[in-house]
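*Asks:* Residue numbers (this note's numbering), protein chains in the order written: chain A, 214 to 618; chain B, 7 to 150.
Derived from the structure by calculation, the hints contain no laboratory data. Hints are supplied without guarantee of correctness; some may be wrong.
Stated by the list, open to error - Straight-line alpha carbon distances no greater than 20 Å define the calculated EDC-like cross-link-like pairs of lysine to aspartate or glutamate that follow:
| hint | chain 1 | residue 1 | chain 2 | residue 2 |
| --- | --- | --- | --- | --- |
| 1 | A | Lys350 | A | Glu326 |
| 2 | A | Lys608 | A | Glu566 |
| 3 | A | Lys612 | B | Asp33 |
| 4 | A | Lys217 | A | Glu516 |
| 5 | A | Lys614 | B | Glu30 |
| 6 | A | Lys614 | B | Glu103 |
| 7 | A | Lys398 | A | Asp421 |
| 8 | B | Lys36 | A | Asp421 |
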Amino acid sequence: MAVKINPKRIRKDFPIFSRERKLAYLDNAATTQKPKCVIDAEKNFYGSTNANVHRGLYKISERATEMYEKAHEKTAEFVGAGGMQEIIFTRNATESLNVVAGSIGKTLKAGDEVVLTLMEHHSNIVPWQQLQRKGVKLRYVGFGKDGKLDYNEFEQCIGKNTKVVSFVHASNVLGSINDAKKICKIAHENGAIAVVDGAQSVPHMEVDVKKMDCDFLAFSAHKMLGPMGIGILYGKEEALLKMEPFLYGGDMIKSVGKFEASWNTLPWKFEAGTPNVAGAIGFSAAIGYLENIGMQNVRKHEEEITEYALRKLSEIGGLEIYGSRNAQDRLGVISFNVEGLHPHDVAALLDEEGIAIRAGHACAQPLLAQLGVNAVCRASFYVYNTKEEVDRLCKAIGKCKSILM
Amino acid sequence: MQSYWEMQEHFDVIPMDRQAYVEEVMDHYKNPRGKGKLEHADFCAKDENPLCGDEISICAKVKAGKLQEIKFDGHGCAICIASSSMLMEKATGMKMEKALKIKREDVLSNFGEISPVRTKCALLSLKVLKLGICSFLGKKAPLE
Ligand SMILES: Cc1ncc(COP(=O)(O)O)c(C=O)c1O
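When you get a sec, could you build the whole thing from the sequences and use the hints?
*Replies:* See the structure below:
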């Protein structure tokens, strides 16, 4: 049973909101604000435990190592992974996807196919595009006006040459929540690997890698109250064992000779060099914070706000919302355009009212091309957003219209 | 320490000239000068601002080293369209060599305070014009 959360109470945990009292921060799909516990966790690490991990034979290094490994364990639990060995820390979701594309790419040959969707963020397109040089073919599954993927098209696109199906779990433009379990199943039935971009889904809903049965899941800490500079790649143990490392150097090796090296155990085989230990510890605190609220309650709150925003925004004349009109089908991400207004102008004028939204192509140009637009305005919500902020947004859009039209 | 928004409020104390800028800019945006297609142009150039998808093309007829007639076309935000419109007014009849010397600041001064991101919107048309002139004169285009 979901419990109603109180965003006004939650806001008190975020130092930025006591400084920026007028700020309506509605760009959570880009990055979220950080609660005090996350900022403190990162700060305290540097102030009390700073040492390199997996090296020192002294107390603070042992303590740092322990905390760093705990962060892996906590992340594993959070997404239902089998254990720390399945959690690799990177810099961000983009790097996680590069690790997958780069490592799996080494085993792909000319004629092999990678299936993507037209909803992808650039980070799940460009790394795969690089494999075209080897003769790997990319295929795209489209979506309809309702923001839903065409699941029949998956069946058509996926064939015996398909080696990888990589798709976004929840779109950062349309908000659509895709049926990841279904797509992973189709991929596996055809002997392909399923890679899920969870950058938008993991922060906002319960995600369980076992239930979904994906082979890989990529996401970013900074989009879920955590610090910047920490990304996560979940990989099924068996897949990671088979996979070649992506980055080489210290920490990821077991032993090194003059001309050859052997790899460390999981997950360290994929974490070359000194990691972002403070970031990982901060992320651990962010997970703790979200767990305290409860992911079901996070989702419930956002669904409510999204439903309210969809209703209020559609009352504005000339405003077009992209994707589903049903809050149950989507995350708290709403992209829209106001007829005759350029998104840049809207965002700049909203900024004068203390409202932060995103304007532009939202790193999803193929998606926008499909919608037939160059740019969108995007408002996206999180646990600290309120309906009053939605009201302010709508009122300010009205003001934009009066200035610009 | 003062927060960003407190400082913003402080800036709001001087709305007079900011308002004037806005009005002039809005006038150019709503009634752009020199917008449309130009037949039999001597050169055309085009560029876009990848960040926001703005796209501006400029075509010109040249006579005796001067921009006898110039027109712009494309789509963009208010700042981008207004700056294009202002540039058409300013550069019509101007010697090409002189147009190449128009400075960023000459354009930006029309807009009061604008953020670094939007500076790109304001400067797109100037970039396109210089691109066109340079290719017409067979010169190397300036980096900005
Ligand atoms: C769906 C999606 N995938 C991937 C990313 C990339 O995240 P990051 O920039 O943290 O690597 C984003 C964020 O912008 C996103 O929204």
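*Asks:* Next step is simple, just say for each hint if it's right about the structure.
*Replies:* Here's how the hints hold up against the structure:
no.: 1; hint: A:Lys350 to A:Glu326; in the structure: 5 Å, holds
no.: 2; hint: A:Lys608 to A:Glu566; in the structure: 10 Å, holds
no.: 3; hint: A:Lys612 to B:Asp33; in the structure: 17 Å, holds
no.: 4; hint: A:Lys217 to A:Glu516; in the structure: 11 Å, holds
no.: 5; hint: A:Lys614 to B:Glu30; in the structure: 17 Å, holds
no.: 6; hint: A:Lys614 to B:Glu103; in the structure: 40 Å, violated
no.: 7; hint: A:Lys398 to A:Asp421; in the structure: 15 Å, holds
no.: 8; hint: B:Lys36 to A:Asp421; in the structure: 52 Å, violated
Hints 6 and 8, counting from the list given before, are not met by this structure.
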